[in-house]
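Here the structure of chain A is known, so what remains is to put chains B and C in place on it, guided by the hints.
Residue numbers (the numbering used here), protein chains in the order written: chain A, 1 to 293; chain B, 294 to 716; chain C, 717 to 998.
By construction, these hints were calculated from the structure, which means they are not laboratory data.
The beta carbon of each residue, even a glycine, is placed where N, CA and C say it ideally should be.
You can take every hint at face value.
With a cut-off of at most 30 Å between alpha-carbon atoms, the simulated DSSO-like pairs for lysine-lysine come out as follows:
(1) Lys854(C) - Lys360(B)
(2) Lys510(B) - Lys457(B)
(3) Lys287(A) - Lys824(C)
(4) Lys623(B) - Lys347(B)
(5) Lys214(A) - Lys729(C)
Covered by chain A, per the in silico footprint, the following chain C stretches (three or more residues, Cβ under 8 Å):
(6) 733-745
(7) 758-765
(8) 807-820
(9) 825-837
(10) 942-956
(11) 961-971
One letter stands for each residue in the lines below.
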Amino acid sequence: MVTMSNTLKKRNLFGGLYTVPAMILLIMLLIVPLGYTLYCSLFPFKYMMRGSFQGLNNFIEILKSPRIQYSFYITFIVTFSATAISIVVGLLLALWIDKRTGLFAYWIQLIGLIPWVISMVVAGLLWRWLFNVDLGLFNVIIRAFGWNTIDVVNKRIPAIIGLIFVMSWRTIGYAMVMILAGLKGIDADLIEAAQIDGASPVQTLFRIKLPIIKSSVLLSTIVLTVSNFTNNTVPKVLTGGGPVNATNVVTLEQYNLSFVYYEFGRSSALSILIMIVTILIIAAYIKVAKFEI
Amino acid sequence: MKKRMLIVLAIFVVVASFAFAGGASEKPKTNEIVMWTFLDPTSTTNGRGIALGKMIKEFEADNPGAKVTVEVKNYATMTGEFLTAHAAGNAPDIIWCARDELSGVLDAGALEPLENLFLGEWSAEEIDDVDDAFFRFGERGGKHYTLTLNKNALVMFYRSDLLKAAGHTVPKTWDQIVAAARDMTKTEGGITTYGLGQSFPSGYSDPQLLANWLIEKQGTLFDKDGRAMWANPVGVSGVNWVVDAIRKGYTPESSINLGTEDIIAEFQAGKYGMFIAGAVRVGAIKAAASYDPNFVKVMDLPGGCIIDGWFAGIWSKSKNKDLAGRFLEKMYSPQADLYWINDGDQAPVRKSSIDKITITESNDYLTVMLDAFANGWITPNDKSYAGWKINLNEAIQRVVANGLDPMVALQQTADEFNAANGR
Amino acid sequence: MDKISKTRIKALKVSLEYIFAILFGIFNMIPVFWGIITSIKPLREISRIPPRLTGFAPTLSHYITVLNGPFIESILNSLLYAILAILMGVILGYLAAYGFARRKFPLKGLLFFIVVVGIPLSGGSSVLLIPNYLYLLKLRLTNHWYTLPLIYAAYNMPMAIWLLIAGVKAVPIEMEEAANIDGVSQFYIVSWLIPPLIKPSLAAAALFIFIGSWNDYITASVMVSGNLKAIQQAIYEYMGYFGIEWGRLTAAATLAILPILAVFTFAGRQLVSGLTAGAVKG
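Next up, chain A with everything else stripped away, as it sits in the complex (with noise of 0.2 Å):
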């Protein structure tokens, strides 16, 4: 009994020992760089020269300007729309492969996952090419059935809708992979005894699938909507924060005052908001789903 409860002992104290090595790696190349971002947040740092200290001011000013506060809102509508689309859809697609098998449910997730896959830069471009006026695609068709064209780069609202859908398509097929592999880490057996038992499909899916795969769809969520509102290339490639700004999200105004103003300590200032920003996210959606650590 008491060798027993040395051994226990004994484990939980060495068994921080597990995470040493990642630690050290995370903390050298995150933490240490996170760490140099909070200081020049604290000073100018204009073309890389150390002003005087000036505490919060940086924040402070970012926080003022109403140009960042629309920036923040409206990178919040895109990211929370793109994410929810993606993950909805992706779950519709995810349930219908689930009962797929072989070769045809290979070749839906390969198609799936080419989006997210692609270079954000060229898919960004050739999505921007495809909306213009005369020269892409999607106006060719639009003329086609009738309609008159749609001038998604240089109108507000079809300009947050093509970011927003240019956004969601590169997400679909990931969130689709990442709840599929959710869904087949169900117990068949538990599926066979629900439909014995009498239940009816949408029955099983809502009591028994879906609670089940509530920690992938968590995860997918929260990479989703990092990724969604971290994302600098295709709101930049896309619409450059057009027109008139409508679209101007945080990373690209943090992009513009690093390597246009050469404000290194606001645009510090600006991503250590982003990040405690999406912080807040995760810990939110953590509350929401009542995931245990």
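Here is chains B and C on its own, set in the frame of chain A:
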């Protein structure tokens, strides 16, 4: 348990040894200089890259033991990386800076005065050969910090066939431009050609006609304190002129968010009679035009063109300043200029090279460029003037898309410019 | 009669499914199709009003130009970086996940918080770009073959750890306790017993790291150059200061998809079988 710990420790050691081993083995070699640019000297397809490759070969042959290493960087983030590298104490020996970034680089003290290197030995004649607005742009406090490679002028491209069919000659005044644009705008077979292409994106773009208007009428965009000087009657008339073009239909309404690449692709597809772009793009545009490339021509703008270029300098903390300086000198030599001109299809960097070129129909854009270099406008170099192109574009955006009053829009963007640049 | 109509309905369902699959395929691949078509158009045909899908003389000149450059080299580089990052990320990440899932230890909350903080960075954002660059420059760690694998492993590990924690937790602890009682060493449990049971999570983590490494541009562009270039940098070559070279760009992008398709064709079977094998039974 011991085994487990050993494995954990082993992995840790492996990871850590990467970090330290890598760090320890790096020592800068004394005869190697590193240059950052967006050109690739190993390219077999890019003319300027080929030219650079030749210069490097010759330089290495003339200086036995010397080695020039070019790191090809993304032009948009190159200077940001350089400033970071300068702060880290580990920057390349030669850097190419963009025009809008030079003042910041100089403020950071990242460049070495060329007088300390080779410039002091140049004769008055040689200095005169390179002395122009570009040379003066790289000057501060009596010292010159850069030589300009790859000079560019933002000129008006036009379709000579469409212009002729509209019954016009090359427009020289604002009214003539309007008239030409009006007459070149037509719709045939469901496809509309617009006389004048413009673009006003918030992202990267070439400066547009509003800037030229301001320069022609008041000489500059900024007052003597570096503050934006466009929220005035001149600015208002300029905005009205631009917006008028849209309202009257010679510029498509879908220009609000057009990027530089979009408008170029559209011109290549035949959508416009005229539009502004950097003259360095002539070759590429001609090659990709969907019509006869000989119809692609360039012209000057009223009040002169805005000029731009890449300013090459030596890192102030370089360990190989002399060698690097000599290579910079080499890239700027009369011999190298011929490579830039013939292989790279570029405008000459030296005045003396002009006599060595024959102007034919296919390279007559060079005369316009050279004219622009002599008379063109460039931003002052005493302070940071970041983002003015975006600010001017946004003024137009707000008037066209949001119906804002021109003066209000101009004032807003002027305030934004001043705030962003700390004025 | 009933049997026939049932078969008919089934046939209808199946063909509907195939039609839907085709539509899904088209939807996902539209830009890819457009890119491929553009990549075989002669230069003068690319910018055209209105755009065309056919009616031009296809050419392979763009592909030839791209392949003559350092393109293959950059694909191999990216594969190397991705594989190394996956090895490091999955192994270290799995160990860390085991620690978080199965053990209590001092500072556990803090360390886990560090992992969570790292998740926003997994998306390949440029939040840490400048500080990381500065810091690695000072350590002279940039521009080596191990630069990017280390960074990609670090950037993507938080997410991998998260995925793997969920996987490990799904394995009932009774199994480990039973094995312990049977005299099986802890080492064996961690290295040989659990991994086969969490194949889906391992696969998902590996996939995540792979995509994060393959798709990254901004970090690679700053950290390495020359022979060490990654695939995205090679593609970006065609978006230079002098304009976008559409023909070559689309050719390069098309070629870049091929290795991924290859990986999926060969490793895909493993992935699917891993996904269908399911979790613990009985």
